[in-house]
Structures are given as structure tokens and as C-alpha cells.
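S.K.: The lines below spell out each chain.
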Amino acid sequence: MITVATITMNEENAVGKVIADIRAVVPDAEILIVDSSKDRTPEIASALGATVVRQFPPRGYGLAMETALRSGRGSVVVTLDCDDTYPAEAIPVLAGMVEDGGFDLVDGSRLKSKPQAMPWLNYWANKGFAIIASVCFGRRLTDLHSGMRAYRKSMIDRLEFDASGPALPVELLLKPIELGFRVGAIFISYRERVGTSTMQPLASAWWTARRIFSCLFPR
Amino acid sequence: MLHFGQSTHPYLEEINPGIIPLIGTGERVLDVGCGRGALGEAVRKLGNNVTGIERHPDAVAGARSRLDRVIEADVTDFQTISEKLEGEIFDAIIFSDVLEHLYDPVEILRSYSGLFLKPGGRVLISVPNIAAWTQRLALFFGYFEYADTGIMDRTHIRFFTRRTAKSLLRACGIEQKRIGGTPHLIRAFLPLIRALLARSASPDAAPDPRALIDSPAFRLYEKWVYPIEHAVMRIWPSGLAFRIIVEGVKSGEKIESQKFESRKIESRKIESEMR
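Those protein sequence lines, which keep their order, are chains W and Y. Each residue of the first sequence is one higher than the one before, counting from 2 in my numbering. Each residue of the second sequence is one higher than the one before, counting from 47 in my numbering.
What the hints contain is simulated information worked out from the structure, not anything from laboratory work. Since this is a predicted model, take the numbers as computed values, not measurements. Cβ atoms here follow ideal geometry from the backbone N, Cα and C, with glycine treated the same way. Possibly wrong hints are sitting among the right ones.
Unchecked claim - Facing chain W, according to a computed beta carbon distance under 8 Å, are these residues of chain Y, among others: (1) GLY72; (2) TRP179; (3) LEU185; (4) ALA193; (5) MET198.
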């Protein structure tokens, strides 16, 4: 079974469409939503048959993502942000590469070229960090921050990570590489988001650098 | 392929490459905290008579087959060591990766120098460099975490920079003759390399402490890469060294003059503070 996990905070305008998109491509999948909303997001998601785990008051993206990854019941957990920026049609491709392709993690990279929906500053910051990580880890990495990935659940169960700060996807990608898990990537499209971004660029950049360092020099 | 056995790193033998070039021949050498005797054996092969001091019974058993003599005692147990040595003094005393484990390294060094080192004898000290570039970066990112091995080994209770390593000798009245180091360039990535190799190793295989130093890859590294690394380290030794290596000489006259100098510096400091 596949779990499609997403975390939400005030996404009432996007959640219905995202769940419908997921259902259309993987009808049998468990849809798991870790929600920290004040609006009607959890009610809408429950009504549409998703499993909702409430995390309120909000404890941050990282801890919500950890709950999502740890709570999924499927043998493969596919994550995507619930702002309709990621293509649901890529879910079976990513999950298939884990289920049948022997990968432990498959990254849905947004950065084949600059996505129209991504500001230039974010694009170059993402690109820059990806180049640094590629040099440090001796392999081509194109997107450290993608929210759309497929994880083998048994790998997640063995993975220890620091979920307490921003930029958790960086560690979720680099730590499996450090530990020798089989990590692959495909390019995906990235659409304009519905709703407002809560990302803090400076904090994200700092934590990205910190997480690259901690994976490069494990203690 | 190197074989490290387990992902939790057991004791791995390593011959301290910073100490070997300082070793003479035909000397009586005391190796304090000799472990299983890997370094002492290399010192002995250079034509020296080596006595080791070691506390752990397992390590003592290993060292006995490699060194001329091993005293099973805590390195701070001067009564037992003095009784066993029966007044013997040495041409050189090695403290290779030992002082950082001790609560009062100054007192230990001073005592060994006073009790077991002949006048004009040498102390060879190796301590990890807490100011290595990786540690500077780690602290910058807010990390100060102990590890299984390396500079932040969880058994380290004292930390040294190049400057404090020099002042350690000064405080013991030992004249510093040379200061150097071992490079921290490829070595910095050892935990990552180990993690990758440990995963490829069979989980059932028994850990081999000599796996690293006996591997062909390590010998190639030692022969071709280490000298380049060492040359690069000399550009910025306080940041690019993994270990700080100091050679000191026990010399009565120099001690007195150094004491006088250090007293002068102290009094100047006090004067400036009063102003």
C-alpha cells in the first residue's frame, strides 16, 4: 500500500483539489494529512476520506513532516505539499521506483529549469545549495528542498533526523545518501501555489547550510 | 575495499604518523597509554627499547607481544609505575593521544618529566586540535557534540589548540623544540567514509582493529596522499591540523630562564591590568 502524506496549515482553498488529484491517480492509497490549521482544512480533508492527524498549536514544518512520515501505514510514503504546486500525476512514478525499482528514496526535483512559479532568489539559492551538496557528496543533486518524494517506509523507520528546524527535506535527502541507501531522482513540474508561502528565506538558508554540514560530518 | 565490520566503530589501531618522524634510534622510550602497542611496535622497529604503560587488561595483553615491557597500571598511578620501573629513566617519553583524557595534564606531564625522564631527554606529545577547521565550522553551526572517535571523542575531557599545547609544555618547564601536526583534510571525512564503508561491510563479520592500517588503500594513501596533505597543512597549521605534535626537551637551565621569563610576563600582565 502507498501512503500519500501531506502537511497542511490553512490550506482550505487547495486541500480539496489536492485530495481529488491524488484520488484520481492512486485511488487505493492512504491519504494522510498532518494539519495545523485554524481554518476548515481538517474538516474538508476528513469529509473527503483523508486520515487527519491534528498538530495544534502548530509545532513547525519539520515536526509535522516527521509525524507524517512516521505515521504512514504504507510500505511507501509519498510526500507532497498541499498547496497544489506539485503534480499528483508523478505519485505513481515515484512510488513505482521505490516499489519496483529498488530505490529507497526517490526525489521529485523541481529544478530541471527555472519553474515559472519560483522566485529568482529562491531558484538561485536552491541551485547554489544543490551544487554545494553535489560537490560535497560526490554525486549530482539538483534539488535539496523538494517537498515531493517517495520514501521506503522501512528506511524511514531506520532513519534518525533532527526535525526541530526548517529545511528538513535537506536532511531527509542527504542522510540516506550518507548512510548508503539507494537514492534516485526524477524531474517533476512545479506549478504556481494556491495560498501564501510561509517560508522564511534566511532561516531556511541557515538551516540548509547547517544540515548539509551535519550530514557531511556525521558525529 | 576497506572493511570496518560495524557501523559503531570499535577500537581501531592507528600508528600516529606525527610521532614516528621524531623517533631516534638506540633510545629507551616510555610510551604512556600505549594501548595495544601499535605505535610502540613501530618505535621498537626503529631500534629502540620500548616500555609501555597501559590500564586496560585487553590492550595490555596485545601490547605485551609487541613491546619490550608493559606495565599494567593507570597512567596516573605513580606509585605502581615507580615500583615497577625501579628508578629507570628514559631518553624519551611519548604521550600519544593521552593527555586529553586526563583531568590534570600539566601535573601528569610535570611528574613524568621529573620522575622518569633523564636530563636532556625528550617528551613527544600528540593531542587533538580542537581548533581544526571542522570544529570551527561545527561550533559556527551550533554543534558541540561528542563522537565515537576523533577530535570530539567522548572520552576527551581536556581540549587543546596549538597555543595551549605550547603553554602546556611551558607550564611544565619543558623547552619546546618543535611543533607540528598531522593533517585534517581527508581525515575530516573519515566518519563519512566509515559510515559508507560500514554499510557495505558484512554485519556479521568480526571487527578487525588493524583493518584500516593494514588495508592496501591506506598504504597508498600513506605513501602518496599524506605527504601532499601534510604540505598543505603547513599553510595554516592551527586550522588544518588534526593532531598537534610537540617535541620538548627537559633542560634544567632553560627551565629556570623560562620560569623567569614567564614571571616577567605575568608581572607585566598584572601591571597593565592595574593601570
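S.K.: So, for every hint listed, does it hold in this structure?
M.R.: Do the hints match the structure? See the list:
The closest approach between the C-beta of GLY72/Y and any C-beta of chain W is roughly 43 Å, which is over the 8 Å cut-off, so the hint fails. The closest approach between the C-beta of TRP179/Y and any C-beta of chain W is roughly 10 Å, which is over the 8 Å cut-off, so the hint fails. For LEU185/Y, the interface hint is violated, the least distance from its beta-carbon to any beta-carbon of chain W being 11 Å, above 8 Å. With a least beta-carbon distance of about 5 Å to chain W, the hint placing ALA193/Y at the interface is held under the 8 Å criterion.
For MET198/Y, the shortest C-beta to C-beta distance to chain W is roughly 7 Å, which falls under 8 Å, so the interface hint holds.
Of the numbered hints stated above, those contradicted by the structure are hints 1, 2, 3, listed in ascending order.
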